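Colleague: In case you want the letters, here they are:
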Amino acid sequence: MNLTKSLTKSLTATFAAVCLLASVSAVQAGATLDAIKKNGFIKCGVSDGLPGFSYADEKGNYSGIDVDVCRAVAAAVFGDPKKVKFTPLTAKERLTALQSGEIDVLSRNTTWTSSRDSAQGMNFTGVTYYDGQGFLINKKLGVKSAKELDGATVCVQAGTTTELNLSDYFRAHKMKFTPISYDKSDESAKSLEAGRCDVLTSDQSQLYAQRIKLAKPDEFIVLPEVISKEPLGPVVRHGDDDWFDIVKWTLFVMVDAEELGVNSKNVEEMKKSANPDIKRLLGVEGGKGKDFGLANDWMAVVIAQVGNYGEIFDRNVGKDSPLKIERGLNALWTQGGLQYAPPVR
Amino acid sequence: MAKLHTPHPDLPPPANATGVPGWVRRNLLSSPLNITLTVLALYLLYVTLPPLLNWALFNATWTGETREACQTNGGACWVFIQVHFDQFMYGFYPEAQRWRVNSAALLLILGAAPLFAGRVPSKLKVRLGLGLLVIYPVIAFVLFKGGLFGLPAVDTRRWGGLLLTLVIAGAGMTAALPLGVLLALGRRSQMPAIQSLCVIFIELWRGVPLITVLFMSSVMLPLFLPEGMNFDKLLRALIGVALFQAAYMAEVVRGGLQAIPKGQFEAAAALGLGYWKIMALIVLPQALKLVIPGVVNTFIALFKDTSLVLIIGLFDLMNIVHNATTNPEWLGFSTEGYVFAAAVYWLFCFSMSRYSQNLEKRLHTGHKR
Chain A
1 MNLTKSLTKS
11 LTATFAAVCL
21 LASVSAVQAG
31 ATLDAIKKNG
41 FIKCGVSDGL
51 PGFSYADEKG
61 NYSGIDVDVC
71 RAVAAAVFGD
81 PKKVKFTPLT
91 AKERLTALQS
101 GEIDVLSRNT
111 TWTSSRDSAQ
121 GMNFTGVTYY
131 DGQGFLINKK
141 LGVKSAKELD
151 GATVCVQAGT
161 TTELNLSDYF
171 RAHKMKFTPI
181 SYDKSDESAK
191 SLEAGRCDVL
201 TSDQSQLYAQ
211 RIKLAKPDEF
221 IVLPEVISKE
231 PLGPVVRHGD
241 DDWFDIVKWT
251 LFVMVDAEEL
261 GVNSKNVEEM
271 KKSANPDIKR
281 LLGVEGGKGK
291 DFGLANDWMA
301 VVIAQVGNYG
311 EIFDRNVGKD
321 SPLKIERGLN
331 ALWTQGGLQY
341 APPVR
Chain B
1 MAKLHTPHPD
11 LPPPANATGV
21 PGWVRRNLLS
31 SPLNITLTVL
41 ALYLLYVTLP
51 PLLNWALFNA
61 TWTGETREAC
71 QTNGGACWVF
81 IQVHFDQFMY
91 GFYPEAQRWR
101 VNSAALLLIL
111 GAAPLFAGRV
121 PSKLKVRLGL
131 GLLVIYPVIA
141 FVLFKGGLFG
151 LPAVDTRRWG
161 GLLLTLVIAG
171 AGMTAALPLG
181 VLLALGRRSQ
191 MPAIQSLCVI
201 FIELWRGVPL
211 ITVLFMSSVM
221 LPLFLPEGMN
231 FDKLLRALIG
241 VALFQAAYMA
251 EVVRGGLQAI
261 PKGQFEAAAA
271 LGLGYWKIMA
281 LIVLPQALKL
291 VIPGVVNTFI
301 ALFKDTSLVL
311 IIGLFDLMNI
321 VHNATTNPEW
331 LGFSTEGYVF
341 AAAVYWLFCF
351 SMSRYSQNLE
361 KRLHTGHKR
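Those protein sequence lines, which keep their order, are chains A and B.
With the numbering used here as the guide, the letters of the first sequence map in order to residues 1 to 345.
With the numbering used here as the guide, the letters of the second sequence map in order to residues 1 to 369.
Please keep in mind that the hints were generated in silico from the structure rather than gathered at the bench.
None of the values given here were measured: they were computed from a predicted structure.
Every residue, glycine too, gets a C-beta built ideally from N, C-alpha and C.
One or more hints might be untrue.
[What the hints assert, rightly or not] Here are a few chain B residues that sit away from chain A, every Cβ distance over 12 Å (derived from the structure):
| id | residue |
| --- | --- |
| 1 | Asn27 |
| 2 | Ser30 |
| 3 | Gly91 |
| 4 | Gly129 |
| 5 | Pro222 |
| 6 | Glu360 |
[Unchecked claim] Listed below are the simulated SDA-like cross-link pairs for lysine to any residue, each with C-alpha atoms no more than 25 Å apart in a straight line:
| id | chain 1 | residue 1 | chain 2 | residue 2 |
| --- | --- | --- | --- | --- |
| 7 | A | Lys82 | B | Met216 |
| 8 | A | Lys140 | A | Val226 |
| 9 | A | Lys92 | B | Thr174 |
[To be verified] Sample of chain B residues at the chain A side, in silico, Cβ under 10 Å:
| id | residue |
| --- | --- |
| 10 | Val20 |
| 11 | Phe58 |
| 12 | Thr61 |
| 13 | Thr63 |
| 14 | Phe85 |
| 15 | Tyr93 |
| 16 | Trp99 |
| 17 | Asn102 |
| 18 | Ser103 |
| 19 | Arg158 |
| 20 | Lys233 |
| 21 | Ile292 |
| 22 | Ile312 |
| 23 | Ser334 |
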C-alpha cells in the first residue's frame, strides 16, 4: 500500500516536472468561472463527428445541438458565442478530459446515468435531447410495431449498449432474433438496404441519419417503440456549484424562452412586453445576473445570439436540417413533450 | 581458282521467338499449367476490371458542387473528394493561414531536391541532410504553430488531414532514427547500467501495442498530472509515437551492427580511434547501409500506423475522411473517401520504397554477391 502510494507520488512528481517544461494552463477546482474569464474562452469537449449534435464541416465550422449549448454558455459568460474552443473527444476520452481540466464543459451526446453522476465525479446539468433506442425497417415487410419482430434478423453495431438493450428487449417479450453485428454504421445501413437483415436498431437520432444514407429513404420507416432511455446532456465537473448553475440555467433559459415565445429575432421587441415572466427573463425587471456572477441581461444575450431551444433543435436536427427528426419527446411540456424548465424569478 | 568459302550471313531468330509473340510464348504459354493460369488471370481481369473502370472512370461524376450532381448514374462521385479536398489536406487549419503549410512543404521540397540529384558533392549533401534533420523541424514547427514573428497562433487541435499525418510520421521518423541508433549502441555497450537501461526501454516499448501507447498518452497521463495541468494532446501523441518507433529502430540497427565483422572494430581500435570515432567513421556507415531495407520497412509501417491516432480524436487523413463521410450533406460516399485515402497512403509508401531501392543501389560498394 505504502509502496504504491510513494510510487504514485514519485510518478506524479516526475510528470509534474515534465509538465513545467511544457505549456501549462492552470485551472483551479472551485473557480472554473474565474479561470475561464482569465483565459478569455470556454473549453468545450464535443464528439469526434456526429452530425446534428457536433460536427465540423468541410470548412472546419462546428455545428450541432451540443455545439450550440457551448456557444450559449459562452454568450452567457462573455456575451460572445464565438469565445469557445472545441476539443473533439472520443467516447473513451471524454470523462478523463473533464476530470483533468482539459475541458470546462462536456457537451458530447453523453447519456445521463447514475454511475456517471455519482462514482465518476460528474454533474449532469440537464437534458438537451431525449433519445432512445428504436428500429428502422422496410415498409414492404408490413410491420407496424416492434412486438411483431419475432424471428427477425437484426443489424446492430457491435460492442455498444445498443446490443445489450436489444437482447434484453427480445428476451422480455419472449421473442427470438438473429443479430448481425457491424463495426461501422455505414455497413449496417448497406446491409439493411441489401435485405441481409430485416431491421436495423440504434438510437433514434442515429436512425434518422442512417435513413438519409439509403438510396430510397421513403421506403423505410422508424417504428414507434423506444426500448431504452437515453437522456443526453452537457456535463461539468463535480465540486464547482457556481459553474454548474451557469451551465444548467443556460439550458433552462433556452427552454423557458421557447415556452414564452421569445426567439432570436423578436428578443428586442419582447423587452417591451408587459408579461412579467418575459421581463424577468430578459433582464428588464429584477437583476438576475448578479446571482450568477454574470451580466444582468445575460439571458437575453443567450437568446439573441444563439436562439431558444426550438430554434436550436430545428436548425440542427429538426425540420430545417437534413436529419428531419420530429420533436417527439423533445417537444415542450405544453405540447406533450418532456422539455420543462423551472421559472426565472 | 578454288572457290573461297564465305560464311552465310546470320539469320534472324525465328519470328515467334522474338518481340511480343516470343515474350508471350516464353512467359505466359510455356507449359499447360502456365496456360491455365494465364486463362484464369485473363478471366479474373475480365470479370473485375470493366465494372471497376466503369465505376471509377467512365460512369463517374467529376464536376459539380453538390450531392445532387452525383445522383445520375452508378459511378463514383469524385465531386465528394473535390469539395472536401482542402479539408483532407489541411484539416481544420484556418484558410487564411494555409500558405504557411504550403511554404513549409515547398521549403522541404527545395531543401531535399539536391539530395536526390547526382552531381552535388557528397560533403554538401551530408551537411544539407543534417540541416534538414535538425533545423527544418524547428522552422516547420514555428510556421505551423505560429505565435512568433507576428504569425497568428494556430492551435494544434486545428491541424488535420494529410498535414497531421505527415507531421506525426515526420516527427516520428526524425526522432526515431537517432534515438534508435543510440539505443542500439547502448544495448551492445560493455557498461552494465547503460546496457540494462537500454534493454529495459526497448523491451518495454516493443512489448506494448502502439494503440495502447496512444491511449495511455491521451487517457491515463492526464489523470496522473495534478488537476488543471495539461499539455498538448498532439505533443503527447508525438512523444509516444517517437519513443515507440525508437525501440523498433534500435533493434533494426542492432541487426546491422551485429553483421559487422569483429575485425573492423579491432582494426579501427588499432589505429588509435576512440569509441565514438570507431562508431561514427567505421561501423555505423557500414551497418546503416546494410539495414536500409529494415529501416524503410519500419518507416512505412510507422506511416500507416499514424492512422491509429483516430482513437484519441486526432483528425489525421484517415479520420478526416471518415468524418467527411458522415457529413449529412454528403452521406453515402464512404467508398470514394476510403479509395482516395488508400491512394494517398499507397503513393507515399510506394515512393518511400522506391527511394530506398535507389539509395541501396547508390551506396552499393561491392558487398553484394
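Colleague: Which numbered hints are broken by the structure, listed smallest first?
Modeller: Structure breaks hints 3, 5, 7, 9, 10, 11, 12, 13, 16, 17, 18, 21.
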